[in-house]
Amino acid sequence: MKALNEMKITFPSLSCNEGLARSAVAAFVTQLDPAVDELIDIRTAVSEAVTNCIVHAYPGGTGLITVTAKIYQNGRVQIKVKDRGIGIEDIKQAMEPLFTTGGEERSGLGFSVMESFADKLRVKSAKGKGTIVTLEKYISMQHRQGKQF
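Positions 1 to 149 (this note's numbering) are the ones given, in order, by the sequence shown.
Hints listed in this document are in silico derivations from the structure and should not be mistaken for laboratory results.
Among these hints, one or two may not hold up.
[Stated by the list, open to error] Pair ranges (Cβ atoms, derived):
| no. | residue 1 | residue 2 | range |
| --- | --- | --- | --- |
| 1 | Thr10 | Lys127 | 17 to 25 Å |
| 2 | Leu20 | Ile132 | 15 to 23 Å |
| 3 | Met141 | Ile40 | 16 to 24 Å |
| 4 | Cys16 | Met141 | 34 to 42 Å |
| 5 | Ala27 | Glu89 | 12 to 20 Å |
| 6 | Pro59 | Lys2 | 31 to 39 Å |
| 7 | Thr62 | Ser23 | 18 to 26 Å |
| 8 | Asn74 | Ala27 | 19 to 27 Å |
| 9 | Gln31 | Glu89 | 20 to 28 Å |
| 10 | Thr30 | Lys129 | 28 to 36 Å |
[Said to hold, decoys possible] Here are the simulated EDC-like pairs of lysine to aspartate or glutamate, each with C-alpha atoms no more than 16 Å apart in a straight line:
| no. | residue 1 | residue 2 |
| --- | --- | --- |
| 11 | Lys80 | Asp119 |
| 12 | Lys82 | Glu136 |
| 13 | Lys80 | Glu18 |
| 14 | Lys70 | Glu136 |
From the three backbone atoms N, C-alpha and C, an ideal C-beta is built for every residue, glycine too.
All chains should be modelled from the sequences, with the hints used to inform the complete structure.
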């Protein structure tokens, strides 16, 4: 299915850019006139996905993170957060609540948080090649009266 609209932003994996990604996606999604809670869900899920890249993808250095967002019919929003970092060795284990490779200062709840705020979550990763986190959220029709999409 072809997207009705899309955006893409690429930035260095610096913690100061997490807010940029969150705000850019939120601004893009506002064209669907989402409810406040739907927008908060999207912002939170994007924040967690980008933070995971910043913390885990490029140990001891920085690399690029690319965030794309697409709007489809019926209010479906698809967001992909992609890095070309070290990858995730065991996705199933990484998605377990409280599992972390980030030491004691990390809670290991990133994927659990993403899962709870998105309607769908998919993670694809290859060791040494990077990770793509795909989030989907459906914006309710009642908030889009008269909107083009």
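Structure-based check of each hint:
1. For the pair Thr10 and Lys127, the beta carbons lie near 22 Å from each other, so the given range of 17 to 25 Å is met.
2. One distance hint, 15 to 23 Å for the beta-carbon pair Leu20 and Ile132, holds here, with the actual separation near 19 Å.
3. A hinted range of 16 to 24 Å holds for the C-beta pair Met141 and Ile40, which are about 19 Å apart.
4. Look at Cys16 against Met141: about 36 Å separates their beta carbons, and that is inside 34 to 42 Å.
5. Separation of Ala27 from Glu89 is about 35 Å and departs from the stated range, judged on CB atoms against 12 to 20 Å.
6. The hinted range of 31 to 39 Å is satisfied by Pro59 and Lys2, whose Cβ atoms lie roughly 38 Å apart.
7. Checking the proposed 18 to 26 Å range against Thr62 and Ser23 shows it holds: the Cβ atoms sit about 20 Å from each other.
8. Range check, Asn74 to Ala27: Cβ separation about 21 Å, and the 19 to 27 Å hint holds.
9. In this structure the supplied range 20 to 28 Å is violated for Gln31 paired with Glu89, their Cβ-Cβ distance being about 38 Å.
10. A C-beta distance of roughly 34 Å is found between Thr30 and Lys129, which places it inside the suggested range of 28 to 36 Å.
11. With a C-alpha separation of about 14 Å, the suggested pairing of Lys80 with Asp119 holds against the 16 Å cut-off.
12. Using a Cα cut-off of 16 Å, the hinted pair Lys82 and Glu136 holds, with the two alpha carbons roughly 15 Å apart.
13. Among the hinted pairs, Lys80 with Glu18 is consistent with the structure: their alpha-carbon atoms are about 14 Å apart, no more than 16 Å.
14. Distance check on the hinted pair: Lys70 and Glu136 sit about 10 Å apart at the alpha-carbon level, within 16 Å; holds.
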